[in-house]
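> So the protein sequences, as listed, match chains W and E.
With the working numbering as the guide, the letters of the first sequence map in order to residues 46 to 161.
With the working numbering as the guide, the letters of the second sequence map in order to residues 2 to 115.
Treat the hints as calculated values from the structure; they're not laboratory data.
Don't take every hint at face value.
[What the hints assert, rightly or not] Here are some chain W residues the structure puts well away from chain E; computed CB gaps all over 12 Å:
{"id": "1", "residue": "Lys100"}
{"id": "2", "residue": "Asp110"}
{"id": "3", "residue": "Lys111"}
{"id": "4", "residue": "Thr120"}
{"id": "5", "residue": "Ile138"}
{"id": "6", "residue": "Ser140"}
{"id": "7", "residue": "Gly155"}
[Said to hold, decoys possible] With a straight-line Cα cutoff of 27 Å, these simulated DSSO-like cross-link-like pairs (lysine-lysine) come out:
{"id": "8", "chain 1": "W", "residue 1": "Lys86", "chain 2": "E", "residue 2": "Lys82"}
{"id": "9", "chain 1": "E", "residue 1": "Lys107", "chain 2": "E", "residue 2": "Lys82"}
{"id": "10", "chain 1": "W", "residue 1": "Lys109", "chain 2": "E", "residue 2": "Lys107"}
{"id": "11", "chain 1": "W", "residue 1": "Lys100", "chain 2": "W", "residue 2": "Lys65"}
{"id": "12", "chain 1": "W", "residue 1": "Lys86", "chain 2": "E", "residue 2": "Lys77"}
{"id": "13", "chain 1": "W", "residue 1": "Lys111", "chain 2": "E", "residue 2": "Lys107"}
{"id": "14", "chain 1": "W", "residue 1": "Lys86", "chain 2": "E", "residue 2": "Lys107"}
{"id": "15", "chain 1": "W", "residue 1": "Lys111", "chain 2": "W", "residue 2": "Lys65"}
{"id": "16", "chain 1": "E", "residue 1": "Lys110", "chain 2": "E", "residue 2": "Lys82"}
{"id": "17", "chain 1": "W", "residue 1": "Lys86", "chain 2": "E", "residue 2": "Lys110"}
{"id": "18", "chain 1": "W", "residue 1": "Lys59", "chain 2": "W", "residue 2": "Lys111"}
We put the CB at the ideal spot given by N, CA and C, even for glycine.
Below are the chains, spelled out letter by letter.
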Amino acid sequence: GAVVSQHPSWVICKSGTSVKIECRSLDFQATTMFWYRQFPKQSLMLMATSNEGSKATYEQGVEKDKFLINHASLTLSTLTVTSAHPEDSSFYICSARSPGLTYEQYFGPGTRLTVT
Amino acid sequence: GQNIDQPTEMTATEGAIVQINCTYQTSGFNGLFWYQQHAGEAPTFLSYNVLDGLEEKGRFSSFLSRSKGYSYLLLKELQMKDSASYLCAVVRVYSGAGSYQLTFGKGTKLSVIP
Numbered sequence: 046g047a048v049v050s051q052h053p054s055w056v057i058c059k060s061g062t063s064v065k066i067e068c069r070s071l072d073f074q075a076t077t078m079f080w081y082r083q084f085p086k087q088s089l090m091l092m093a094t095s096n097e098g099s100k101a102t103y104e105q106g107v108e109k110d111k112f113l114i115n116h117a118s119l120t121l122s123t124l125t126v127t128s129a130h131p132e133d134s135s136f137y138i139c140s141a142r143s144p145g146l147t148y149e150q151y152f153g154p155g156t157r158l159t160v161t
Numbered sequence: 002g003q004n005i006d007q008p009t010e011m012t013a014t015e016g017a018i019v020q021i022n023c024t025y026q027t028s029g030f031n032g033l034f035w036y037q038q039h040a041g042e043a044p045t046f047l048s049y050n051v052l053d054g055l056e057e058k059g060r061f062s063s064f065l066s067r068s069k070g071y072s073y074l075l076l077k078e079l080q081m082k083d084s085a086s087y088l089c090a091v092v093r094v095y096s097g098a099g100s101y102q103l104t105f106g107k108g109t110k111l112s113v114i115p
């Protein structure tokens, strides 16, 4: 149980275009999902916290108009990188909060974004 | 603010024991996770400590001292497949109502050699 999937696993896009990444909890309902970004040899940096049915909470320095997050259902959150630039190239990982009274997060396999 | 420190790299021999340390400073502390991450993959859960002391789970053990802001992950009987990055992540609770976030250290890249 507790599987989180991401799609696509990797994507290459041209500068100026938009890319949507999907994050799904496959066998549980996730009221809260998180989006992280990881640059090479760096740790995971939290970008935003996504709660189902409400607006996402963005971390300081993350542009909410550039990284659009939609958590429309209890099993799906999407991250859209708008007008992507090469500096947005990174490993994007989503996670879903475990059901129940626990702080554990289940991570998706990640999406490698390359902007050319 | 928050500060989490762990060594950048470590090397150990197959079959040996290695200890990876993590020190932290944060407000609203409510536990510490250890995750394993292989290159290009998502982190996988290893342990969670919220009370002081040692938690043992097979070849892996994790220790926490809240008063010292210190944790370590102990790996015994190292295997080649244990070569990976090990991330400590601190739970910070804020604003009540179960709101929280994980703040990750930069990770320790462990290389297991024959």
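> Output the indices of the hints that this structure fails to meet, ascending.
When the structure is compared with the hints, numbers 5, 6 and 7 turn out to be violated.
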